[in-house]
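Chemist: Sequence:
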Amino acid sequence: MLRKVYTSGADQVLARPPPKLNVSVQVSWPSSLRGFKDVDPSDVDARAVFARIAKEHEAMIEVEDLDGLISITVKATNRAKAREILQVLRDQLLYRPGEDEVWRAHLIVRPPKDGGSSLATVLPPKEGTTGRRAIAVASKELIPIGSVSGLATMAKYRADLTKTLNHMAGILRYTPNGMRMKVRFGSLVLDEWRKDKPEYSLDELEALVRRAGTRSTAHMLNMVSESAAKRLMDLFSPTNKELPEIVRGFLEGEDGEPTRAYSLILETKNLHIESTLERVMGQEKRDQTQGRKKGPDYIIGPLVTHQLEKQHRAAEVVTVCPESDHDWAFEIRKTAAEQETRPSAPFKVEDLEKYIAFTGASLRGGFPNISIRNYLLDHFAVRRIHGKVSLRYTLGMNYTLEINFYHEWQRNSPAQQASAPPSTTASVMLYGDDWDNDMRSGVSTPRQWDNSFAKQFLRQSEDDEVPGDQPGKLADQLDHLLAWVEWIQKGLDGVDSKEKSKVMGKAA
Numbered sequence: 001m002l003r004k005v006y007t008s009g010a011d012q013v014l015a016r017p018p019p020k021l022n023v024s025v026q027v028s029w030p031s032s033l034r035g036f037k038d039v040d041p042s043d044v045d046a047r048a049v050f051a052r053i054a055k056e057h058e059a060m061i062e063v064e065d066l067d068g069l070i071s072i073t074v075k076a077t078n079r080a081k082a083r084e085i086l087q088v089l090r091d092q093l094l095y096r097p098g099e100d101e102v103w104r105a106h107l108i109v110r111p112p113k114d115g116g117s118s119l120a121t122v123l124p125p126k127e128g129t130t131g132r133r134a135i136a137v138a139s140k141e142l143i144p145i146g147s148v149s150g151l152a153t154m155a156k157y158r159a160d161l162t163k164t165l166n167h168m169a170g171i172l173r174y175t176p177n178g179m180r181m182k183v184r185f186g187s188l189v190l191d192e193w194r195k196d197k198p199e200y201s202l203d204e205l206e207a208l209v210r211r212a213g214t215r216s217t218a219h220m221l222n223m224v225s226e227s228a229a230k231r232l233m234d235l236f237s238p239t240n241k242e243l244p245e246i247v248r249g250f251l252e253g254e255d256g257e258p259t260r261a262y263s264l265i266l267e268t269k270n271l272h273i274e275s276t277l278e279r280v281m282g283q284e285k286r287d288q289t290q291g292r293k294k295g296p297d298y299i300i301g302p303l304v305t306h307q308l309e310k311q312h313r314a315a316e317v318v319t320v321c322p323e324s325d326h327d328w329a330f331e332i333r334k335t336a337a338e339q340e341t342r343p344s345a346p347f348k349v350e351d352l353e354k355y356i357a358f359t360g361a362s363l364r365g366g367f368p369n370i371s372i373r374n375y376l377l378d379h380f381a382v383r384r385i386h387g388k389v390s391l392r393y394t395l396g397m398n399y400t401l402e403i404n405f406y407h408e409w410q411r412n413s414p415a416q417q418a419s420a421p422p423s424t425t426a427s428v429m430l431y432g433d434d435w436d437n438d439m440r441s442g443v444s445t446p447r448q449w450d451n452s453f454a455k456q457f458l459r460q461s462e463d464d465e466v467p468g469d470q471p472g473k474l475a476d477q478l479d480h481l482l483a484w485v486e487w488i489q490k491g492l493d494g495v496d497s498k499e500k501s502k503v504m505g506k507a508a
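Its first residue numbered 1, the sequence shown is counted upward by one per residue in my numbering.
Please note that the accuracy of each hint is not assured.
[Claimed, not checked] Restricting the straight-line Cα-Cα distance to at most 25 Å, the calculated cross-link-like pairs of lysine-lysine (PhoX-like) are: (1) 113 - 473; (2) 163 - 334; (3) 473 - 55; (4) 388 - 230; (5) 269 - 163; (6) 473 - 182; (7) 156 - 348; (8) 126 - 197; (9) 348 - 182; (10) 334 - 388; (11) 473 - 241; (12) 388 - 348; (13) 334 - 37; (14) 163 - 473; (15) 230 - 182; (16) 55 - 81; (17) 334 - 455; (18) 55 - 126; (19) 182 - 156; (20) 182 - 81.
[As the list claims (entries may be wrong)] The following label-pair restraints were derived from C-beta to C-beta distances: (21) 443 - 73: 19 to 29 Å; (22) 96 - 129: 15 to 25 Å; (23) 96 - 307: 51 to 61 Å.
None of these hints come from the bench; they were simulated from the model.
Note that beta-carbon positions come from the ideal geometry of N, C-alpha and C, so glycine has one too.
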């Protein structure tokens, strides 16, 4: 049975004079057993590849499924162009060694500063999950911090991290999809561990984590507590001498306040719908002057709707940090392929204005508290509704830190007259200002990236400094990023290194 899967580039080809469309080259696409990817009719990423190639070469590409055998037909103005397009398709759909493995978590352990001899690791239960997280505790055999073994272990960690990032970028440069990269903070949760072994040395922990990575028996929770996020926020003050001068200068220019954005997010079974909230400045004064009822404090902006697709796999390089309460990871996700028409929301802005009322109070981060009528949830099948506050801090000429607070409202019980207080979580992420452009869609592959991940993505300017007791400059791009990561972790933990040692000593 012959079934047409899809056609790309028909519009621009059929718009040309018919006599020029005189060459058709057809090929039955080989399976993955011969080194090529399978063309899945439901693969939106493959559709995007065919559409881009057809547009670039002003040709038409038709894909058909004949009893499971994929047939690709290229129609162009001459045979040479058609064969050129087929060669491009072969390059695009060729498997690269390690391509499957890159879309999983690669786990690395950041060793204690003393090399690991003075610290052991235990796996206490992670609250809210069935898994466990690695926590360092003081052991009986202590060695001086900064020993030769400690420095050698840190050098190995840094080399492993560099090698993994370079390998990942080498594979992803052949990905035509748009991608987004973030440095995220949270907790790595182990789903499997030895039930009879409560304590691990550094070598044993590395073996356990390595096994979890290859078996996909660990997952990263990219959320932090509200209190941890607030502690980090409090560090961003123009008077904090730990911050580089350029960062304090940005804060002074913003009166010590970060850039804030508010949005309302609603999710149905298949849709993610988001709307910005804009404060109406001077509303109270206008109401008093004109002697009318109180007007709205906020305006609900236009609705932006996206289809909820299956979660794209992530390429992650996770650093497990037993000495900190928070782990961190490079996370790269494919962005969804662009759709010709976006889905429409089941409701309008007017519906939200009718069934959502602003109470006048504010939640953490300044988000306006709201009251929600159950009719909105029931009639439009809304499964989740939450408010998001995004705070952005400039860390120099290339990096931005984003702290997000998520307030989620629950359905009212029949006895409730008003909405129950929302639950609040937070996320913390760091990203480079040029990363989205480096990973944009619609470019030819392989992408023209530097072979060094650090040189390509971890750029820094002459004026960029790292935070700490004595802010200063680091020449190496990776060391510069790691210094910011460690400072952010300490801010989230809420205790300095000396206090942390006391806490770990008591835990032992």
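Chemist: The structure should be examined with respect to each hint, and the outcome stated for every one.
Modeler: Here is what the structure says about each hint:
For the hint linking residue 113 to residue 473, the alpha-carbon distance of about 21 Å falls within 25 Å, and the restraint holds. A hinted pair counts as satisfied when its Cα atoms are at most 25 Å apart, and residue 163 with residue 334 qualifies at roughly 22 Å. With a CA separation close to 46 Å, the supplied pair residue 473 and residue 55 exceeds the 25 Å bound. Only pairs whose Cα atoms come within 25 Å are accepted, and residue 388 paired with residue 230 is accepted, the gap being roughly 15 Å.
Straight-line distance between C-alpha atoms of residue 269 and residue 163 comes to about 41 Å, which puts the hinted pair past the 25 Å bound. Note on residue 473 and residue 182: the hinted pairing holds, with a Cα-Cα distance of about 23 Å set against a maximum of 25 Å. Using a Cα cut-off of 25 Å, the hinted pair residue 156 and residue 348 is violated, with the two alpha carbons roughly 56 Å apart. With a C-alpha separation of about 17 Å, the suggested pair residue 126 and residue 197 falls inside the 25 Å cut-off, and the hint holds.
Among the hinted pairs, residue 348 with residue 182 is inconsistent with the structure: their alpha-carbon atoms are about 32 Å apart, more than 25 Å. Simply put, residue 334 and residue 388 have alpha-carbon atoms about 23 Å apart, close enough for the 25 Å limit, and the pair holds. For the hint linking residue 473 to residue 241, the alpha-carbon distance of about 15 Å falls within 25 Å, and the restraint holds. Under the criterion of a C-alpha separation no larger than 25 Å, the hint pairing residue 388 with residue 348 is consistent with the structure, at around 20 Å.
A hinted pair counts as satisfied when its Cα atoms are at most 25 Å apart, and residue 334 with residue 37 qualifies at roughly 17 Å. Distance hint between residue 163 and residue 473 is fulfilled; the C-alpha atoms sit about 24 Å from each other, no more than 25 Å. Restraint check for residue 230 and residue 182: the C-alpha separation of about 20 Å stays at or below 25 Å, so the hint holds. For a cut-off of 25 Å, the pair hint linking residue 55 to residue 81 stands: about 13 Å separates their Cα positions.
At most 25 Å may separate the alpha-carbon atoms for a hinted pair to count; residue 334 and residue 455 meet this at roughly 22 Å. Our distance criterion of 25 Å between C-alpha atoms is broken by residue 55 and residue 126, whose separation comes to about 50 Å. Only pairs whose Cα atoms come within 25 Å are accepted, and residue 182 paired with residue 156 is accepted, the gap being roughly 24 Å. Under the criterion of a C-alpha separation no larger than 25 Å, the hint pairing residue 182 with residue 81 is inconsistent with the structure, at around 39 Å.
At roughly 26 Å, the beta carbons of residue 443 and residue 73 sit within the given window of 19 to 29 Å. Taken as a hint, the range 15 to 25 Å is violated for the pair residue 96 and residue 129, whose Cβ atoms sit roughly 34 Å apart. For residue 96 and residue 307, the Cβ-Cβ distance of about 28 Å falls outside the hinted range of 51 to 61 Å, so the restraint is violated.
When the structure is compared with the earlier hints, violations turn up for hints 3, 5, 7, 9, 18, 20, 22 and 23 and for no others.
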